[in-house]
Amino acid sequence: MAGLSLRGVTKSFGNVPVLAPLDLDIADGEFLTLVGPSGCGKSTLLRIIAGLEPQSGGSVSIGGNGVDHLRPHERKVAMVFQNYALYPHMTVFDNIALPLTMARLSLLERLPLLRLFSPRRRGIVEGIVRDVRSVAEQLRIEKYFDRKPGQLSGGQRQRVALGRAMVRHPDVFLMDEPLSNLDAKLRVHMRSELAELHSRLGVTMIYVTHDQVEAMTMSDRLAVMDQGHILQIGTPDEVYKRPASIAVAQFIGSPAINLLAATLRSGGQVELNGSTLPLRIAGQSEGPVSIGIRPESVRLAAKSDDVSFPVKFRRRENLGAESILHFDAAGVEVLCKVAHEGHETIVEPGTDMTLAFSPADCHIFGTDGLRIVTEKIELQSLSGGNRAAALAGQK
Amino acid sequence: MSAAAQVIPATTRRQQWVEALAGISFSAPAFILLLLTILAPLGALIFLNFTDYELGAIDFSYIGLKNFNHAWTDPVIRRSLANTLLYVAIVVPGGVLISLFVAILVHRRTRTRGLYEVIYFLPVTSTLIAMATMWQFLLHPTLGPVNSFLKWVGIGEVAFLSNPKLVIPTLAAIGIWQLVGFNMVLFLAGLSAIPRDLYEAADVDGASNPVDRFLRVTWPLLGPTTMFVIVTTFITAFKVFDTVAVMTRGGPGGASEVLLYAIYLEGFQYFHLSYAATLALIFLAFTLVFSIAQTFILDRRVHY
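As you go down the protein sequences, you meet chains A and B in turn.
The C-terminal residue of the first sequence carries number 395 in the working numbering, and the numbering is unbroken.
The C-terminal residue of the second sequence carries number 304 in the working numbering, and the numbering is unbroken.
Everything labelled a hint here was simulated from the structure, so no lab data went into it.
Just so it is clear, CB atoms sit at the ideal spot from N, CA and C, and this is done for glycine as well.
Heads up, none of these hints are tricks.
Here are some of the chain A residues that sit facing chain B, going by a computed Cβ distance under 8 Å:
1. A50
2. N83
3. L98
4. P99
5. M102
Derived Cβ-Cβ restraints for the label pairs, each shown as a range:
6. E348(A) / R14(B): 55 to 61 Å
7. I119(B) / V188(A): 51 to 57 Å
8. T127(B) / P54(A): 46 to 52 Å
Whole structure, please, built from the sequences with the hints as guidance.
Rendered as structure tokens:
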């Protein structure tokens, strides 16, 4: 088992840059998810780590040792592919056994006929059978040993692919959207099974997905990627509660975060629809800013300290335990997630209403899309210099 | 329920009748074409078998299995059958393995792939009659460049087409040369159909040297393609005719007589049309038996 680190890894296909220089450290036993929209370079990064794709620059090390010069199987990594990449002509047993066959038998011992002359082959094969059985038992696939991948369901194939990855006891598990070919129900099930597997094996896992729910639910840390850059790395909580940029805020969270246009006035005050927020921003030039509010932070009834803004009710989506309410705030769609309390009043579409949110729940982003660190109005008493230092530290 | 069952059939029977009629009229064009182009000639062929009809004759009589008995004892037929089988035995493995090898080499090329495809495919597009003339010149004992090269190397003159022992292998080599391009294209299609991530999985699993990649991934996944190539190559090889007709005319001394050439001679040179029909039937039986055997034996090993 080992951690992994990337230093200045870049990749370009011809003149097209795919990955900007990336630094990334993954701790031993960590479950790190690379998440981002398709085409953001996350799969390419995974393939570079696996050794399937050479990087254009930078270096990869696993367990403190550089692996740039090593072939994929020499890196002690295992990979689960999106389409599982099981060998269709081999039985489930042979599929799982292949990595061991390759590692433990010499080329001559693997060739037909010639292998009969090896005296030690029998013992090795018995060892392989034992190891394959123990992995298959963990994944509950022993009963499919004689079947071929074509005769298995998606979930079973997924398990075989996992078995093939596990059987070699790799240092690092690499998974490239392993759940994307499963139906919704099975995906939820496999999600928890994978998380369980990770805690049982205690092995480092790097997981690529475009599904933010998978990223949020399974990972110790997630790295949000877009256009070849890592936008933010942090625990699911950090990324959700303190998104570093609009792109991260919009990508993580469902339904997506609400964005309201506001203005930053001189003196660090933020103005929304003519009313001033009880916030202060230091060190930023005045101009337009965006206020991001998660749908679950939007309230129908204002509490003290809350900022309120007028909206028109549009429609309600019933999700059973909760509802998503759609509003129109001067041409901008605002979503509000509310739990059912059993006494909802039915409101006609088009009704004028007022929504509110707590200043503590809002995220403010500058025109460059990056998060602006805010302070509550109480901080005002600090002297200018101290405040700037405090802010710098916070950032 | 029973009342309804009594009433409905009148309309259902009518509906069934209409459906059957529609089905027949939809399949009729294909069936008629099949009948006219394949089944009727085959029927005529089988009928001719049992007669003594000669091309241009006014009448003919029924002679039963005499034609078969004649074929059974005819030394020319035995010889041409043996020659054909030898030719097939060289062309099938040679044409399949060489084209597989070429396809794997060409498949790895990225920019020059198109160029190689065209080069290897050229023999397929050219008429073999014209090419046979070219080969005849190339292999000519005194004028041909092949022999002048052999003389220059010190091996000396080789009579490719006039040595009875060499003539079939030489024709087979030309047959392979003509087939490689076509088979290569088939293999290339098969190679392109192998998912790339299987090679990547093999790479991660440690099957990364060329021998392992070929044995673990390429060869098994090319199974269906290989089966198709073997069957088509077999049939093409069994039908060898043009090179024999142009280059050797069955010579020297019948050493290159093949089945199709014998049929041609019997039918169109000696006008023994009924006997030629018998030979054609034997020819058909051979290709059919071999194709079916190959399909059944290979099919079980190939599909997954």
